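Novice: What follows is the residue order along each chain.
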Amino acid sequence: MLLHLLVLAPFAAAILMIATSKEDPKSSSRLAFLFGFAFVAMSIALIASGNQATEAIEWFHIPGAKGAVYYYLYSHGLGAWMVFLSSALSLVALMTARNSLDKNYRNFAIGIFALMGAMNGTFLAADAVLFFFFFEAMVFPAAVLIAGFGGKERRKAAMTFAIYTLVGSAPMMVALWYLITLADNSLVLSLAVALQNLDPATQTTLLLCFLLAFLVKTPIFPFHGWQAITYAEAPAPLSAILTGAMSKAGVFGFIAWILPIFPLSMEVVDSMMWLGLVTAIYGALMALRATDGKKLLAFSSMSHLGLAVAGVFSLSESMLPAVLVLLVAHGLSAGAQFYLMGIAERFAGTRDIEQLGGLAARNPVFGSLFGFLAVLSLAVPGTAGFVGEFTVLMSLWDMGPLPALAAGLCLILSATYMLRFVQKVIFGKPAREYEDGKRMTAIEGSSIGVMGVLLLVFGMHPAFITNALQLFDESAVQEMNKLTHPAEDAQTVEASADTTGEAIADENIAAVAQPMTDDDLRQLDSNLKANGFSDEERASLIAQLKNMSESEVADAQEEGALEQNEANVKEASENE
Amino acid sequence: MLALIYFVVLAAIAVVAALGVLFSKHPLYGGLSLVLTMLSLAGIYGLIGSPFIGVVQIMVYAGAIMMLLVFVISVLNAAKDSKTPMFDGVSIFVVIAALALAGLVGFALVLSPMGFDVTTLRGSVEMTSKNLFDTSKTGPGYFVLFEVLGLLLLSSMGAAVLMAKKRLSSEVSEEDHKEDK
Amino acid sequence: MTNLPLWIIPLFPLLGTILLGAIAVISSGSKKGPSEGFVGALSVLFPVISFVCVVLLAFGMPEEGIRETLCNWIDIPMLKVDIGFLFDGLSRVMLLFVTGIGSLIALYSIGYMHGDRGFTRFFAYINLFLFSMIVLVLSDSLLLTFLGWEGVGLCSYLLIGFWNHDLNNCKAANKAFIVNRVGDIGFLLGMLCLATLGGSAILNYEALNKFVEMLIAGGHVELAAPILMIAGLLFFVGCTGKSAQIPLLTWLPDAMAGPTPVSALIHAATMVTSGVYLLARLSRMFVLVPEVLLVILIVGMLTAFWAAVAGLFQNDIKKVLAYSTISQLGYMFMAAGASAFDASIFHVFTHAFFKAALFLGAGAVIHSLAGEQDMRRMGGLIKKTPVTACVMIFAFLAIIGFPGFAGFWSKDLILERLYTNAPFGEFFYFAGLLTAVITAVYMGRLIIMTFFGEYRGSKESEEHIHEAPASMLVPMVILAFGAVFAGYLWADSMGIKFFANTLAPVVGEAQSYSLGAAIHHVNALTFACFGTAAALLGMIIAYVVYGRARIPQISAKESSAPVGSKADWTFFFDYIHEIFITITKAAAFIADMVVDKILQAIQWTVGSIAEIVGDGVSTFQVRKVRVQLTLSLLGVAALVAVVLLTGGLF
Amino acid sequence: MELQPIYIQILALVIFTIGLIVALSRRNIFFVLMGIELALNAVNLSFVGFAKTLPADMSVAGQIFPLFLIAVAAAEACVGLALVILIFRNRESVDSDNYSNMKG
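Protein chains in written order, with the numbering used here: chain H, 1 to 576; chain R, 577 to 757; chain P, 758 to 1407; chain S, 1408 to 1511.
No wet-lab data here; the hints were simulated from the structure. In this text the structure is predicted, and so the values were computed from the model without any measurement. Do not rely on the hints blindly, as some may be mistaken.
Below 35 Å or equal to it, Euclidean Cα-Cα: the simulated DSBU-like pairs (lysine-lysine) are [claimed, not checked]:
1. Lys-1342/P / Lys-156/H
2. Lys-22/H / Lys-152/H
3. Lys-1354/P / Lys-429/H
4. Lys-928/P / Lys-1354/P
5. Lys-928/P / Lys-1254/P
6. Lys-741/R / Lys-659/R
7. Lys-1141/P / Lys-1323/P
8. Lys-1140/P / Lys-1323/P
9. Lys-1323/P / Lys-1354/P
10. Lys-1254/P / Lys-156/H
11. Lys-152/H / Lys-1140/P
12. Lys-156/H / Lys-429/H
13. Lys-928/P / Lys-438/H
14. Lys-429/H / Lys-1140/P
15. Lys-1323/P / Lys-152/H
16. Lys-429/H / Lys-1216/P
17. Lys-152/H / Lys-928/P
18. Lys-429/H / Lys-928/P
19. Lys-1140/P / Lys-156/H
20. Lys-1216/P / Lys-1323/P
21. Lys-66/H / Lys-429/H
22. Lys-1216/P / Lys-1140/P
23. Lys-713/R / Lys-66/H
24. Lys-928/P / Lys-1342/P
25. Lys-26/H / Lys-156/H
Pairwise CB distance ranges (calculated) [what the hints assert, rightly or not]:
26. Tyr-605/R / Gly-1404/P: 42 to 52 Å
27. Pro-661/R / Phe-60/H: 45 to 55 Å
28. Ile-1355/P / Val-174/H: 24 to 34 Å
Cβ atoms here follow ideal geometry from the backbone N, Cα and C, with glycine treated the same way.
Given the sequences, and given the hints that come with them, work out the whole structure.
Specialist: Have a look at this one:
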């Protein structure tokens, strides 16, 4: 029920908003706020209530496909958090837009609700065709809003945005159609099974088709042409939603669709990771030179998302929670910064950072908030950004020191451009005389402040985020199996699904650290022996390990010991 | 053998008349040749055992539709347009394209084997009415199509009447003229 | 009184931050601002309370320290970290002087910052800094230390750029933060490196020590050494960033753009010593890799020597002190490199007193001269501000290692340990001694130029020179007492080893491992004599060179930065950093102007081709409907042909 | 020599081609309409011809469908002529090339 509400109710809200007065933003904004709060509350409830799925309703048949397309929603931790981001950012967007737009507020709210519905659908869809439907549907409200409410070059921006994203996902549509003509239906598992029977060349082609759509949406390095102009020209509240929630659809696609469906070869994983890192560094370098405040933020988000994609393709055990925390943190902080930049633009009448300056003195509350959020986006420990970036770095370290070094360079650069940004916008003296525009109102300030506080809270206790994460848990897999194969060969599907979804599936298993057993010790002993340790050395080491695992109650130490003997074994083999 | 002779004669008439449509200068002559084609086609229908269609062809097609056409042509005096050339450069292109298509399709036809089936039903009035108005659940369901067709005819009549109404006032046609620009 | 929970220590400064921050934000709209007395009282109260807590805890501390795990912090696969605190000999010392000096400097700042528009904001930052610093030294795991580590860097950024309407301050602040960030990444990667060795649990200090013990006991040191060496080097990069060592030291002189109490608290007494703290904290790990220790030793020596020479050329009173700080930090690193971690911490301790006193004294001088920082416009101030002068002179004697003063004990100890412990000990001892001479020279120059001779500023400004208010003098005097007597906690030649004993549980084992059985026993008195001689020699040189009023008159416009070859020496590392900055800028330029333009060109080409094709087809279509239909006819023909040729797909 | 279904089909094809050529190559709008009628007739013939090659029940559809086609042709002629008259009133021309005001 919650899922249906979150996906369909925004559209209903958009339709209801039509009934409100176009001339009177006050009444329509009240209704919009009400809806916005309701959606945020629902998304929190969704996170709190864990994994759930709706009944699979047959929607329609695609000619040539074996099975039906289902209207089937499924919420796992990742999707639920993304839904939270989309609804929370939409609410704040509605709040900040209230002061910037007067007459057309109603239409803006309609667009935002439609966008929110499409985004929620994207993040919750369990059926590939449904996912694709919403994935495309996101583009239209966003493009219309950009064309309707954007800056000077809004038409060009809207066209660039729409064409880039639609063309980018066209190959995915073809690949998807091809896949569902082979699969039993369009759910993840059956797609994965269908793909297994294809020859490698076809698999690679299909993979590239799918990748392209998400690469463009995220965006990743050579496909980022739409991003800067779109984020810069879109109205600031919309830019916040675009970067905070919509661009996450790309990363979400990598995690929820690419990884489970495609058996990835090492080259693909490696090149995707490097592509992510190149994006991260490239974005940071571009941000260093950007003079348009919103473009700077756009490149900064590109940099962060590149890091997230690199993290996804590190495929380490801790990848999923790490990337999720990073995404949530980035969504909140980048969103808040876009809102603030919008307020600065409204206040000073320009978004050229060379023209801005001295806002800390002219508008101290705004200045403090701006500085506060800039610091939060710098991944200072104690903020959610730090937890995300540190854990992503840790995942990257698994792939070797070089990726981690590149990511470290990216962090240094991020500090550089962010400080430059802060310095140019709020410090120093204004470069020109201007009339003050509308100041930041209490409701805007407090809503953005709440986002900052959330970042701190998540930073000190990221378990709020990571606990919600039970992607592809047992019951869901079984549920899908039932749908795929009513009775007879559920067994085989499960087996094959396990192998394909391995990258994801062992996340949960690995999370449980096992205490040392005698078997482990025996195993270790033989390992050591094979590596040329003398008898006394082995005995002493094992005695120590035994002592440690007995005496230490806390599992931290146990893990340390476990890891230690692994490390020893590893080093021993290196030594040879 | 006799059937073949009848067929050849009728076919020759039909083709010659069709070519007449193609080469006649005045649309009135073209229309009359077309009627001739249709009549000979009706004969062929009868020859191959579908007399009902042949009769309908004569009554509805040749009788009603073509007469309407000829009537309109005679009403509009300017229908004969001496300024417009009969053929132009495009025509050659068209002929080549059409012949290419025809050649390919004909090639395909010649390749595919077929022969008359002895059990084929004769397209009599009885057979037609039995199938067309079979309203039982297991039947072919042509009657629904029949009703839809009735609606189509009704609506096309309505459309024709609407357009005819516009013709009555000259102001409207001026407005149309503007709109067309 | 040991039943106090540990989290109460950082709690109060945090409360202070939140409270003062709220006051600052709320009152920012009003013209007048909140009452300074009220805000000042609040801002001193919180550090003092946590100081009292530290003292109470310190006296009842058991030998092995107090451990306390507050709650779970990060819990994901591969990374499980708790928020936990560790109160042992090392953190006791650090906390005592961090909170103590922090409280004193907060008190001093009330006078110094009087009338500033950002009065409340300043104290909010100071409290935030104390919170971060307490977390840094109190935490029981590297990750939480890193929280404090970045936190103090952030506060340093905020406080250097405190007067943010001047962009130069902002730039100095940015520089400090970015250079520190480079070091922080080293720290971060070091943590990752350790984690690959032993899982995330090893980030806990206790687990790390256990791990090291296990390695030693099992005889697997040489197996782990390569990874440990990389980790050690990375951690050391982190330390060089925070503690302004070669090569990441350029930010500290620029950081003097901040208010003077900030320089005293952050850039002299506490924050910059956190690198030394980290070395001591990880001493067990570092002693396993003597190569890294050697690197530390060499870097420390070079830094100490270079900064001392650069200090000779400075005209800005605060810059002299900044370079002196770098130089003294170099001493501490040398000590750590010679695996004399207790001596380095002892020097941190004494240095905190005399350097804070020097900075506060300099602040008082600047305050009395209404913002003048150029020493060439000072002179003869001993008559006008006798108390400040006395404080400064005591601290001066302490820093040059005059017998009996605090610096004497700690510096001598370091030199002695260098001689006995380090490889090529004689060489490093000599370098240290030479640096001590130079230290005495530039500090003597500072004292002479500031307090003796004739006043060289303008006449009208001479009228306004006045002694600082009591709220500034009291902390100075207390610190001066510290500068004199702090050294007696470990007066080696007098047989007092209190300080060494308190640190023994933390670093003792590491040191004994590093030294092995062969501990040289030398006559401490000999070293004391050499040290004293160096100090005296330096003072004499200073008097000969600068004592006879040979200070050139300067025009009012001239900046206080050194020029010519002196500048080359001073800014040597700035030039090196410039190379990296240029590379980054070039990369950004290429990304922006070349790569992005190429991508845009491709994008534009594809777009325009599509447009041209579309235009062409549409003009084609408009004119001839029949042609278009015929084309479709041909299309059908082509399809038929395809079907015929392929024989049909189905 | 007996009558073969293929003859019927070839006749239908010839008439269809002539119809197409008339419809596309003549510019007089009346000839265009007549060409379409011709092509439709050819299709009818083809339907019936094919129906005769199928056994009993299956031959029904092929013989019913031409009836529908004739009815549709009637509707088409009705509307088409009305359109021609309307356009002729506006343009004073029967040249189909003059009618094209489609702008891409």
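Novice: Could you tell me which of the hints above the structure violates, numbers in ascending order?
Specialist: Checked against the structure, the hints that fail are numbers 5, 9, 10, 11, 14, 15, 19 and 21, while the rest are satisfied.
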